[in-house]
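Engineer: Chains as they are written, first to last, in our numbering: chain A, -11 to 322; chain B, 10 to 251.
None of these hints come from the bench; they were simulated from the model. No experiment lies behind these values; they were computed from the predicted model shown. Do not take every clue at face value.
Stated by the list, open to error - Far from chain A, some chain B residues (derived; all Cβ distances over 10 Å): (1) S20; (2) K81; (3) M120; (4) G176.
Stated by the list, open to error - If you only want the chain A side, here are some residues facing chain B, beta carbon under 8 Å, derived: (5) E117; (6) S178; (7) R179; (8) Y182; (9) F183; (10) A186; (11) R195; (12) L197; (13) I199; (14) V201; (15) E233; (16) V311; (17) R313; (18) G316.
As the list claims (entries may be wrong) - Some residues of chain B that are not near chain A, with every Cβ distance over 10 Å (derived): (19) D83; (20) L115; (21) R190; (22) R194.
For every residue, glycine included, the Cβ atom is placed at its ideal position computed from N, Cα and C.
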Amino acid sequence: MIARMIEGVPLRGLLLSGVLLATLLAAPFFINDYLLTILIIILYFAYTGQAWNIMMGFAGQLSLGHALYVGLGAYTAAALYVHYGVSPWIGIFAAIPVAMIAGAFIGFLAFRFSVAGVYFAILTIAFAEFARVGFDHFTWVGGSSGFFLPVANYTENDLWNLRGKPIMFYYLILALTVLAFFICNFLLRSRIGYFWLAIREDEEAARALGIDVFRYKMYAVVLSAGLTSLAGVFFAFFYNNLFPEQVFHIARSIELILAPIIGGVGTLFGPILGAFLLTGLSETMHAILHAFGVDIPGAKQVFYGICLLFVVLLMPDGVWPWVARKLGITEKRS
Amino acid sequence: MTTLLSVAGVSKRFRGLVAVDRVSLDVQQGEIFAVIGPNGAGKTTLFNMIAGAFANDEGSIVFDGQRIDGLKSDQICQRGIGRTFQIVKPFLGLNVEENVVVGALLRRHDMKSALARAHDVLRQLDLYDKRAQSASALTLPDRKRLEVARALATDPKLLLLDEVMAGLRPTETNRMVDIFRALNRDTGLTIVLIEHVMRAVMALASRVLVLHHGAQIAQGVPADVVRDPAVIKSYLGAEAVH
Chain A
-11 MIARMIEGVP LRGLLLSGVL LATLLAAPFF INDYLLTILI IILYFAYTGQ
39 AWNIMMGFAG QLSLGHALYV GLGAYTAAAL YVHYGVSPWI GIFAAIPVAM
89 IAGAFIGFLA FRFSVAGVYF AILTIAFAEF ARVGFDHFTW VGGSSGFFLP
139 VANYTENDLW NLRGKPIMFY YLILALTVLA FFICNFLLRS RIGYFWLAIR
189 EDEEAARALG IDVFRYKMYA VVLSAGLTSL AGVFFAFFYN NLFPEQVFHI
239 ARSIELILAP IIGGVGTLFG PILGAFLLTG LSETMHAILH AFGVDIPGAK
289 QVFYGICLLF VVLLMPDGVW PWVARKLGIT EKRS
Chain B
10 MTTLLSVAGV SKRFRGLVAV DRVSLDVQQG EIFAVIGPNG AGKTTLFNMI
60 AGAFANDEGS IVFDGQRIDG LKSDQICQRG IGRTFQIVKP FLGLNVEENV
110 VVGALLRRHD MKSALARAHD VLRQLDLYDK RAQSASALTL PDRKRLEVAR
160 ALATDPKLLL LDEVMAGLRP TETNRMVDIF RALNRDTGLT IVLIEHVMRA
210 VMALASRVLV LHHGAQIAQG VPADVVRDPA VIKSYLGAEA VH
């Protein structure tokens, strides 16, 4: 299993990822809490980007409503914790199925009735919006005035209840990102991955080769939703407050897909690189502006727009394929 | 000889237009059978019904002893019918080997044996040396062979070839003819082909069906069919007969 997870990764790639991982593991001992928080945000987007990439990059189904699965995961685990004192480690066993069922429902509607392309994307937005409006009135979890997890000044990390300092969250999201990378690598190199790519490239040809297109699209949406919900659980326990207007907002869904698009849709390392580039650069810009005493609201969004524009114009396949060539690593299946 | 494919009185209408009009044919196990006719005669529509891309409005299709009309194309492929598309549909984002591996994975669950099967097929189709190339970098003749390789990798009992020789130069046509003849001889693969290149039809087919305006106008051994006055009039033209 472990061997298959790293199978196909070229030696040089393995070495470089080892160096990167070691750097990330050691990072908290050398940087302050502010930088650590930025790294957490970067890894959060790397993780969600990978989860989204399964649907779009592998199976070719554009979802613009992944905030739905983040939000469902976040609210499910948070509600269980606040109302019943259930640990998030147990809570994920409710959060994942809830998101998967939502994904399966949307997938079933769309794929059974051949809603594809932009229409599928619109459908995913619609469901995220339903959830936003619905949760605004869902008073059991605070409705529109928000849902809060109890916060105290923690001196010790309580890993079981995910109460503690940023360093604990940092290692947690790092572990999730690494896990997602291995899962994606494993999937892409197995039968299901090949079938997804075939569906992405040409559904009719895939069907003519005996692939049950409906079934494999369902697998993609359900898996992607389940993985994304874990990011939601993390989100809830890290930020300690949830507002439907923020969590389910379309801006969250868009933000989540920028990293894989900039890094390279359908690649394994693209979402990770994209997250580092995007959040790294925008935070640097923010810090520089701040140093000059300038604080422009919306500057981050404008910056995201510019990044997207450049990538679409200059590197439509994303930055990672170009970087990979420069490094002499090519992602190769089989 | 046993009948592998039996098409009985199938029709397909698109709105008012009758694209295929009560066509029947029987293909024997191990046979190479050709469907010819002018453009718009309904050949590809007939294929699409056999392969499950379209539902037939009338008639029945029996493959390997079981009704297959009404099944979806993926189910029909699983039963053992492989097909190529007239307008080739390679997976452009994948390389040649990956294209064929997708087909090979239908009946194999581990990558190793799928890869081995893909390599065998690529060698048969003379594409092995190009296996690492992106499908988007292939020339049309190579794409046509990739189309065949991918279908073949699914281990079909019956292969439907839709104009795989169209647009090929004579030497490439000869190469394709040799490949199909070898496949048929060595593996007993049954082939039904739609073809305009009469040289290939004459060289390969044991029997020919001629369609015109959706209806069958002749069926029989190639030598007889090309002498049939109706076939000459509607399709081949007088100069085809010497």
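Engineer: Could you work out which of the previously given hints the structure breaks and list their numbers from low to high?
Structural biologist: Numbers 2, 3, 5, 15, 16, 17, 18, 19 and 20, in rising order.
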